[in-house]
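S.K.: What follows is each chain in one-letter form.
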Amino acid sequence: MRSLSERWNSLSRFQQWAVLIPVVLLVYALPLLNPPILSTEPAYNFPIAMFEVARYGLVAIGLNVVVGQAGLLDLGYIGFFAVGAYVAALFTSPVSGLHKLPYLAVLPLAIVVTMVFGLILGTPTLRLRGDYLAIVTLGFGEIVRLLADNVEPLRGNRGFTDLGHPPGTTDAGRALFNQTDGTPWYWLMVTVIIVVLIFVGNLERSRVGRAWVAIREDEDVAEIMGVPTFKYKLWAFAIGAAIGGLSGALYAGQIGFVNNQKFDVVTSVLFLAAVVLGGSGNKVGVLLGAFVIAYVPLRFQEIAQYKYLIFGLALIVLMIFRPQGLLGARQRLLAYGREAYMRLVGRPEQVSSESALAKESAKGAEA
Amino acid sequence: MNHQATAFLADGVSWISFDVDTLRNQFWDNTIEGLSQGSIYALVALGYTLVYGVLRLINFAHSEVFIYGAFGAYFTFFGLGFRPGPTPELSTIEIIGYLAVALVAAMLVSGATAVVVERVAYRPLRKRGAPPLVFLITAIGASFVLQQLLFIWRHGNPERAIRLLRPQEVFTVFGASVTNLQIIIVVASLVLMVIADIFINRTRLGRGVRAVAQDPDTATLMGVNKERVIMLTFLIGGLLAGAAALFYLMKIPQGAVYQGGFLLGIKAFTAAVLGGIGNLRGALLGGLVLGVAENYGQSLFGGGWRDIVAFVLLIVILMFRPTGILGESLGKARV
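Note that the protein sequences, when read in sequence, are chains A and B. Residue numbers are given in our numbering: position 111 of the first sequence equals residue 111, and the series is strictly consecutive. Residue numbers are given in our numbering: position 69 of the second sequence equals residue 69, and the series is strictly consecutive.
Because the hints were derived from the structure by calculation, they are not lab data. Mixed in with the good hints, there may be bad ones.
[Claimed, not checked] With beta-carbon atoms standing in for the labels, derived distance ranges:
#, chain 1, residue 1, chain 2, residue 2, range
1, B, R202, A, I224, 52 to 60 Å
2, A, L38, B, V316, 48 to 56 Å
3, A, I224, B, M231, 53 to 61 Å
4, B, K226, A, P36, 51 to 59 Å
5, B, K226, A, S10, 45 to 53 Å
[Claimed, not checked] Chain B is nowhere near these chain A residues, computed Cβ spacing over 12 Å in every case:
#, residue
6, E6
7, A29
8, P35
9, P36
10, V144
11, S268
12, V296
13, K307
The beta carbon of each residue, even a glycine, is placed where N, CA and C say it ideally should be.
Chain A on its own, in the form it takes in the complex:
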């Protein structure tokens, strides 16, 4: 696996695109091709199944920023997802008393609102130790769900119907983005995923990304070396929240209906399982994890009712035998160190096998 990713990185930008573009086109074409073995039909409509997979993919990328990049365990991610869905519902559903906005205008609004929620929750809690953060975020997720139950304007179980959708009609005069045809929604979601991937990828390679990795590996050391850890943790939290909100708004649009039933903590743990399973800190890994979590229960309906049991067992077994997930994190501090050394000296480091660094790198290779 390591050699494959190394070989990929040694390719030129042009060569990478030459491989990527056909792959992306194939991904776009999946619902039209409906390949026989991959297909979930007749049990489950394949384009909608692919939308589900893509939805988990976007959520996993967002949660990966928080869990994988910055190393903050967020168990209330569903809360941000719910906030995004409710923003979409409140501003596009005819049942809501608020001003109506076009659906596409709601998406940036959902991003902004969830980001604000991320900041509000993050500011007091990110000063705490990691394991407390997990519980506080869990509490936040539950608070959001309970508010949806109790706050009357959020309409509890009755929910919001007839949510807005992007413009466009088919030849038959129906809306292009309707609830029965998953294909346009899938394409929209894949496009959003690509944009977000480019955005997050650039962040990772920037100063912010390096700060996140430093915090993840050792927060105290990062702080001592002058990384403003609180600021960067808050950044990770807010960006993760925003992506969660975006996916919530897209999900709400596709379903066309939002009520208080879909935002339980169990789903939050499924999101986390997608990230951890695939390999937190690795974008390709979390997409793979999301695919497994979303696709397997839809494809193999007979085991669908045991999915929580299976994924729970998978978490335990994985943590014992392969804690870095199916595909491990690509960027580690040591990798950065080597890069910096290369740039300074102009040749790869040469360390004797007895030095501490060599031992450390051997440990890194093992992990």
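Based on the hints, put chain B in the right spot on chain A.
M.R.: What follows is chain B alone, placed relative to chain A:
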């Protein structure tokens, strides 16, 4: 837009109240009910606190350890010949006898569950020296698995209520009635907590637990068997959770349902944090405070806001006093 926004908010007058009168009128009822609820939280919180004090691990699966105890108590009632339906007429001696049997059964089931989780999930990680995040994710996985096993066995519906004891008013405090059920729960919980406190603070095994909490490596060098101490910690936490489960089932007879431990688990953890995690007496204080605060909140804001009060309290406590009311202390306890 402005008009719409006002209408949107004005719509909400009915869904949240700020009912000081109800709070004042039901003050003593709420306090007494809160104390009996709080002692159940406190018993479960002790499990979180002990494990956290020794391993620095939030044992997510503890809520499932609790609910397994509730099922243990339920099927003990069943095995003793009780069936869902009207409360049978029993003499006091009979009730005490049956409850004692159920108590032992529930404690054993929960204790065994806790030890199994420790052996299967956590010990392999300790052997590998895994980082804390890995422990936490494993704990979540274990919680999922335990919960789903119950779901597969008993499905989603709560077990039909079996009642042994009819709540009866024994005496009144400031006009608020105190029932025999509340007395049993509070007294029995206090007794168990005092036993746990004495065990940890006064006995040889307890000294081992405190030593490992303080410094595992040094404790090992001094001849403390660390693995055995960790097992013991899980066992004590499990036993107390089992007792809590029986009291919970007596209070809420239809409470045996597969995901029933989740909410109570978070609340008990809140209680542990509130009192100062790792601190045994803090768990007691935190549990009682949380139980009472929840009931006041319910009176003040309305029924649906009860759980929100607990979670908001958790966030507020962590913001202003993350070490809790009494501070973290299992490791720092006097020797």
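S.K.: The structure should be examined with respect to each hint, and the outcome stated for every one.
M.R.: Structure-based check of all given hints:
no.: 1; hint: B/R202 x A/I224: 52 to 60 Å; result: violated, 42 Å
no.: 2; hint: A/L38 x B/V316: 48 to 56 Å; result: holds, 49 Å
no.: 3; hint: A/I224 x B/M231: 53 to 61 Å; result: violated, 37 Å
no.: 4; hint: B/K226 x A/P36: 51 to 59 Å; result: holds, 56 Å
no.: 5; hint: B/K226 x A/S10: 45 to 53 Å; result: holds, 47 Å
no.: 6; hint: E6; result: holds, 25 Å
no.: 7; hint: A29; result: holds, 36 Å
no.: 8; hint: P35; result: holds, 31 Å
no.: 9; hint: P36; result: holds, 32 Å
no.: 10; hint: V144; result: violated, 10 Å
no.: 11; hint: S268; result: violated, 10 Å
no.: 12; hint: V296; result: holds, 15 Å
no.: 13; hint: K307; result: violated, 9 Å
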